[in-house]
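One-letter residues, chain by chain:
There are 2 protein chains.
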Amino acid sequence: MAAKFQLIPGGTVTTPMGFSAGAAHAGIKTRGDRVLDLGILYSEVSCAVAGVLTTNKVKAAPVVVCQERLPVKKARAIVVNSGCANACTSEQGLSDAKEMTSLVAKKLGIPVAEVFVASTGVIGVPLPMTRVRTGIDRIVLSRDGGHQLARAILTTDTNPKQIAFSTKVGNTKITVGGIAKGAGMIFPNMATLLCFLTTDAKLDPRLAEWALRGAVDASFNMISVDNDTSTNDTVLLMASGLAGNQPIKDGSAEAEAFKAVLQEVCVYLAKRVVRGGEGATRLIEVRVEGAASEKDARLAARAVASSSLVKSAIHGADPNWGRILAAVGRSGAEIDQSKVDLYMDEVNVLKAGCPVQFDVEKARQVLKREEVPVRVCLNLGGDTAVAWGCDLSADYVAINSAYAT
Amino acid sequence: MAAKFQLIPGGTVTTPMGFSAGAAHAGIKTRGDRVLDLGILYSEVSCAVAGVLTTNKVKAAPVVVCQERLPVKKARAIVVNSGCANACTSEQGLSDAKEMTSLVAKKLGIPVAEVFVASTGVIGVPLPMTRVRTGIDRIVLSRDGGHQLARAILTTDTNPKQIAFSTKVGNTKITVGGIAKGAGMIFPNMATLLCFLTTDAKLDPRLAEWALRGAVDASFNMISVDNDTSTNDTVLLMASGLAGNQPIKDGSAEAEAFKAVLQEVCVYLAKRVVRGGEGATRLIEVRVEGAASEKDARLAARAVASSSLVKSAIHGADPNWGRILAAVGRSGAEIDQSKVDLYMDEVNVLKAGCPVQFDVEKARQVLKREEVPVRVCLNLGGDTAVAWGCDLSADYVAINSAYAT
Chain A
4 MAAKFQLIPG GTVTTPMGFS AGAAHAGIKT RGDRVLDLGI LYSEVSCAVA
54 GVLTTNKVKA APVVVCQERL PVKKARAIVV NSGCANACTS EQGLSDAKEM
104 TSLVAKKLGI PVAEVFVAST GVIGVPLPMT RVRTGIDRIV LSRDGGHQLA
154 RAILTTDTNP KQIAFSTKVG NTKITVGGIA KGAGMIFPNM ATLLCFLTTD
204 AKLDPRLAEW ALRGAVDASF NMISVDNDTS TNDTVLLMAS GLAGNQPIKD
254 GSAEAEAFKA VLQEVCVYLA KRVVRGGEGA TRLIEVRVEG AASEKDARLA
304 ARAVASSSLV KSAIHGADPN WGRILAAVGR SGAEIDQSKV DLYMDEVNVL
354 KAGCPVQFDV EKARQVLKRE EVPVRVCLNL GGDTAVAWGC DLSADYVAIN
404 SAYAT
Chain B
4 MAAKFQLIPG GTVTTPMGFS AGAAHAGIKT RGDRVLDLGI LYSEVSCAVA
54 GVLTTNKVKA APVVVCQERL PVKKARAIVV NSGCANACTS EQGLSDAKEM
104 TSLVAKKLGI PVAEVFVAST GVIGVPLPMT RVRTGIDRIV LSRDGGHQLA
154 RAILTTDTNP KQIAFSTKVG NTKITVGGIA KGAGMIFPNM ATLLCFLTTD
204 AKLDPRLAEW ALRGAVDASF NMISVDNDTS TNDTVLLMAS GLAGNQPIKD
254 GSAEAEAFKA VLQEVCVYLA KRVVRGGEGA TRLIEVRVEG AASEKDARLA
304 ARAVASSSLV KSAIHGADPN WGRILAAVGR SGAEIDQSKV DLYMDEVNVL
354 KAGCPVQFDV EKARQVLKRE EVPVRVCLNL GGDTAVAWGC DLSADYVAIN
404 SAYAT
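From first to last, the protein sequence lines stand for chains A and B. The numbering of the first sequence is the working numbering, which starts it at 4 and goes up by one. The numbering of the second sequence is the working numbering, which starts it at 4 and goes up by one.
One should not assume that every hint holds.
Since copy identity is lost for identical chains, a pair holds within one copy or between any two.
Cross-link-like lysine-lysine pairs, in silico, BS3-like; alpha carbons within 25 Å at most [as the list claims (entries may be wrong)]:
id	residue 1	residue 2
1	Lys298	Lys60
2	Lys77	Lys7
3	Lys354	Lys101
4	Lys77	Lys262
5	Lys262	Lys7
6	Lys262	Lys60
It should be emphasised that the hints constitute simulated quantities derived from the structure, not laboratory data.
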């Protein structure tokens with residue numbers, strides 16, 4: 004399947020036709036001279052839009068604004084800041100988030116109802132609106148501004164995450180691009196995730212929503228535990244339709260093809276988010292095979308990928324496979340201990356529930372790789388899932404014990 | 004209520020009448036010269052017994068043996084080792100666990116069906132049975148052997164945890180004692196917990212089970228997340244009946260009084276387990292008040308107490324209350340953000356969902372205490388729960404990245 008996609012070198016969220024972006028140093032982030040902390044993503048035409056927002060009952064103000072505007076199903080722009088989450092900021096926060104969208108609507112001459120907003124950073128502190136206002140003023144949009152925007156949304160993760168792929172829908176080339184931001188990803192259930200996706204494919208909003216939900220389930224939801232989200236998590240997809248393809252129909256092969264390329268973008272960004280986790284030195288890819296159901300496969304894969312004991316063991320290149328099995332056992336997935344096989348890459352450490360004599364040095368070498376493949380075969384059915392996590396290092400604690408103040 | 008209990012200075016699991024214990028260095032723990040790693044708890048009469056065992060689907064062999072024997076409702080002894088969990092050891096493991104109980108039955112001249120067994124340590128490695136056999140041989144029981152036993156069950160937690168309280172049931176003084184072992188408690192859902200409780204009160208097994216379940220729910224289940232248990236978690240209560248009280252009746256005031264003192268013992272041990280968590284420097288006590296239901300109160304309290312971001316912030320004495328609120332928001336508990344009040348001891352940081360200007364230095368001082376009280380008022384109903392956690396320090400990672408090998 005991957006062969007059908009073309010990676011676009013230097014591709015980003017503004018690579019698909021119709022999009023531009025820009026960013027500025029508004030001074031919302033007080034640390035770091037001239038660090039980008041405010042940006043705009045813009046489409047020259049009105050886009051079909053779909054979103055996946057946090058399920059946390061404590062929602063940041065910008066999430067509430069997005070929630071209100073998604074039913075309109077149209078978007079022209081997204082304004083985003085880092086350094087302040089605008090969460091737990093009560094009525095003032097809501098008013099500030101709305102003002103951000105009004106300022107952008109006015110600057111660009113577009114309807115305010117088609118401007119979306121996202122924030123990430125410290126909770127409980129109001130936005131410095133004077134700085135935000137002059138910052139928005141100063142932003143200059145350009146076709147390759149996606150690279151700037153990718154930097155402007157970062158907090159403690161220091162590497163921009165961006166990509167674009169193209170593929171054919173019928174005879175028409177379409178492009179999907181995206182940028183993402185994640186932090187605190189060592190404990191994925193408490194990350195703030197922002198991801199902005201664009202495409203020039205022509206989609207109706209219902210199809211956009213279906214494709215986005217599927218792509219997020221196979222990517223960002225496999226680096227996090229469903230419903231355990233931060234106050235600010237926001238994934239938005241804008242489809243400009245400028246590629247000129249025949250509108251993609253629900254349930255068609257083209258719809259599947261579009262979902263597949265969108266998923267490829269999301270999986271790439273999700274893995275980069277994990278890899279850029281606070282203090283992370285390695286990516287752990289956990290594949291669960293032979294589960295009795297897809298739900299079981301997902302539960303088990305995520306339990307292993309998010310187990311702090313597994314993460315710590317892998318950080319120390321310690322082939323302590325008992326911790327992997329214990330994580331599967333408490334995941335809620337159906338399991339017959341006497342059927343489980345366990346592999347660290349090609350090193351088989353458990354066969355039909357029995358420990359195997361294995362080459363410990365070889366296993367250690369696997370665990371020292373940049374990408375560590377762990378495979379659990381439940382041998383109960385035909386369902387598979389893949390989840391990603393990173394190792395747990397002492398740096399995580401150093402970063403997180405002094406973040407806000 | 005606490006005033007009704009008498010703390011017994013130097014009290015332990017062998018303080019109640021009828022109990023003795025002993026321990027030996029069998030060499031199961033390969034590190035540490037002459038470290039105790041095997042022990043026996045013995046009752047001179049047949050006891051009523053109740054147990055709470057791991058809900059992990061991957062169960063260690065000793066847990067399977069306990070599960071089989073609990074329906075008999077009688078116990079004379081418990082044999083326990085540290086250094087090897089005897090988990091994921093397949094048929095051999097089961098046979099070894101049973102042999103441990105046979106050896107003790109033979110040594111003490113008691114029925115094998117009344118001997119229980121527990122193990123803690125590395126997963127996936129078979130017990131060194133030659134060492135276990137000679138170790139059991141060498142154990143000498145004594146009335147104050149509980150102190151030795153408390154040390155023999157430790158792994159990475161280095162301080163023995165033991166206590167005994169007495170109270171009156173009717174006109175008769177009864178005593179409850181206990182020891183516990185926990186490790187990896189910084190992420191409580193992956194700890195192995197062992198706890199052995201004794202009493203000389205006369206109880207029928209049904210009452211013992213009811214009291215134990217209630218006491219565990221208010222203590223060990225508030226430092227861990229239900230169903231997220233290790234392969235080896237075992238809590239056992241033995242009641243010798245030698246105090247000579249009138250048998251306690253179900254639903255009576257005496258039954259409540261017994262449960263209360265048992266709970267006091269369990270809460271003390273649970274807090275000690277948290278405080279002795281790997282790398283822990285502080286105990287965090289999270290009280291959730293005004294919840295719409297008890298379930299909600301418990302969910303919210305545990306979510307805060309087990310949040311790695313909260314733990315990291317408290318380690319750094321950083322009053323980042325947004326992380327506390329975010330944890331409540333994702334806990335699943337009913338919440339109206341505009342009603343929530345938040346306190347760090349007496350420092351009010353959030354009132355009716357709005358940030359309060361507070362004395363940051365004063366809040367920092369609260370967070371630097373040995374016991375950090377955090378209070379969340381949901382203002383939705385009348386239910387309360389208390390959970391405990393510890394701070395997250397870099398030492399945790401150091402300990403857990405090199406444990407097994």
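**Item:** Contradicted hints - numbers only
**Value:** 2, 6
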